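These protein sequence lines are chains A and B, in that order.
Just so you know, we're using this note's numbering here: the first sequence kicks off at 1 and counts up by one.
Just so you know, we're using this note's numbering here: the second sequence kicks off at 1 and counts up by one.
None of these hints come from the bench; they were simulated from the model.
As the structure is a computational prediction, the values presented were derived from the model and not from experiment.
A hint or two may mislead.
[Stated by the list, open to error] Just some of the chain B residues that point at chain A, by a computed CB distance under 10 Å:
id, residue
1, T74
2, D126
3, A249
4, T393
5, A395
6, T402
[What the hints assert, rightly or not] Listed next, the stretches of chain A that the computed footprint assigns to chain B, with coverage defined by at least 3 CB atoms under 8 Å from CB atoms of chain B:
id, region
7, 26-36
8, 85-98
[Unchecked claim] Mimicking SDA-like on lysine to any residue, the simulated pairs with C-alpha atoms at most 25 Å apart in a straight line are:
id, chain 1, residue 1, chain 2, residue 2
9, A, K41, A, A70
10, B, K152, B, G81
11, A, K43, B, D373
12, B, K152, B, G109
13, A, K43, B, E411
14, A, K41, B, E376
15, A, K41, B, R414
16, A, K41, B, I420
17, A, K41, B, L415
18, A, K41, B, G369
19, A, K41, A, G52
20, B, K152, B, E59
21, A, K41, B, R379
22, A, K43, A, T109
23, A, K41, B, G417
All residues carry an ideal CB built from backbone N, CA and C; glycine is no exception.
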Amino acid sequence: MSITGERLTTAFEQTANAHSAETPIEDALRQTLIALYTQDKQKQDAVRYVDGGDWTTDAVAAATLTTTNAADFPLWYRLYEWLYPTHAYDYRIRRTVRVVETHCAEATTDFTPAANQRSWVDKLRDRLQTDTGGDS
Amino acid sequence: MRIRRFSGFRAYALLLAATGVLTGTYTLILAAGIPLLFVLTAAVATTPAIDDTVTVTRELTPETPSPGESIAVTLTIENTGTSTIPDLRVVDGVPPEIGVTDGSPRSGGALRPGDQYTVTYTISADRGSYSFGPVTLRARNTNGTRLAETTKTADGIDRFECRVTIEDIPVQQTTAYAGQLATDSGGPGVEFHATREYRPGDPVKRVDWRTYAKTGELATIEFREQHAAHITVLIDSRRTAHTAANRNAPTGATLSAYAATIALEVLINEGHEVSLGALGVADPETDRQPPAWAAAAEGRSFVPHATAICNAAATGTTDNSHTGFDSAATADNTPPATSVADGGVAWDRTRSLVPTGAQVILCSPVTDGPITDLVESLRADGHAVTVLSPATTPATIGGRITGMQRAARLESLRLLGATIIDWASEDSLRDALTRLTGMGR
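Between the sequences and the hints, there should be enough to build the whole structure, so can you do that?
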């Protein structure tokens, strides 16, 4: 008996040397997203849509799932990855999974995203944006 | 058992007393009495008696759980003795094969004579029989210098069987599978057929009151009778379906087999013509290649044959169609090169076995692409398809991604016109099957 998704979970956990290379997780997420968009688009269009990065406003998620140069990681993320490559990989995958889950919940009938907390970076950024907006 | 807790205090007492004598300080001599008091208390302390003065009772809710169902275990510990047990620690003997999903089987506290306290925790088990081990009790006296340890067999339930019982089946309900084929004979039904002369005993609701108002004569409305169509129940027990949310949870194939077992019982009890197929399983009676098949035409031997197939589907797979592929990889939505999971090519054998016009109930965790191909083929053949899909996705990164892949597949099945019953892990089997049997009304 195997655990559902065990291969992907193992690949995710073995991130020590994987942060610079594409792991099966990116491909699985990309194929899932394409499958979701294939419901109301032609497959080629769905692939182009995901590659173009227009499917989300989240630059990290868009850059994670594209296979072209149409979407790139933001500067702050590149700096973060340079400083802490393993942490950055972990953050990038978790963030992308959350974004794809949100899209999956919108595109399907019964799917409910796993109860997860927003990452502390997101919370901090929201807080900073709120504070900045309040002052101006 | 004696614990040498205050043995160091003797040295303190001696040191203080000696210093007091040498220096002629009475205060130090008196101070030596304090550690000496601890030493004396430890020396005269008695070991708490727990062998015959503590009773343990175990209760399970429910007592006969279904696979994967949460089982609440309540352990009641009572002090039947005459003295207080200042510190009693309890560890229940949870069966080693299963895991605790909530709470802890360990607890502790003081227990006065006649008092009791309860330990509550939740376990979850796959199919099978499980036995609890003895409860370990450990008691200390007030100052912790005496330790008593013993094991006791709890009163009440010490073993349980995780299975599906007939009581789990919502048999009081009438299924929605009334059939597709209208007949020319009149009787109860929904579509008007004719009116006839009233006969005593006819139901009042079928009296044609309009004719009575016009002519003053009672007439009875006859509706077009509908006969139940053939229903085929399919269990997905291919290799990709044998994945679970965790090591203690039942696999998707096991859950599918149990759901199918219950659906079969309900449908047979209601007089429907039913056949059963198990994808990825060789026939346990004839060793014929997958899918194992019990046809309605088998008559009396259908039920034992179907039961054997359900058991085989719940326990394992003989599906070798994915040889050369990593089973975990296919569970993660890497489809095999060809859809040969039924022993034929592109589900041809399964399609040929499903009777013409039959409605299909497919019990599958929908863990890969080929199962959607099967539903598409069945829909193309004109079969109404209902998919009862147990969710077996954990909250890990891989589980979450696989859960999304499953959701996308279920959505594509909806678009194919199949009715989807998503059996979420928190739903009970009864709830899921109530939705299955009550569907469409």
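Taking the hints in turn, this is what the structure says about them:
no. : hint              : verdict
1   : T74               : 27 Å, violated
2   : D126              : 9 Å, holds
3   : A249              : 9 Å, holds
4   : T393              : 5 Å, holds
5   : A395              : 5 Å, holds
6   : T402              : 4 Å, holds
7   : 26-36             : holds (count 6)
8   : 85-98             : holds (count 3)
9   : A:K41 <-> A:A70   : 20 Å, holds
10  : B:K152 <-> B:G81  : 16 Å, holds
11  : A:K43 <-> B:D373  : 17 Å, holds
12  : B:K152 <-> B:G109 : 18 Å, holds
13  : A:K43 <-> B:E411  : 16 Å, holds
14  : A:K41 <-> B:E376  : 19 Å, holds
15  : A:K41 <-> B:R414  : 16 Å, holds
16  : A:K41 <-> B:I420  : 22 Å, holds
17  : A:K41 <-> B:L415  : 13 Å, holds
18  : A:K41 <-> B:G369  : 19 Å, holds
19  : A:K41 <-> A:G52   : 15 Å, holds
20  : B:K152 <-> B:E59  : 15 Å, holds
21  : A:K41 <-> B:R379  : 22 Å, holds
22  : A:K43 <-> A:T109  : 21 Å, holds
23  : A:K41 <-> B:G417  : 18 Å, holds
Checked against the numbered hints given earlier, the structure breaks only hint 1 and satisfies all the rest.
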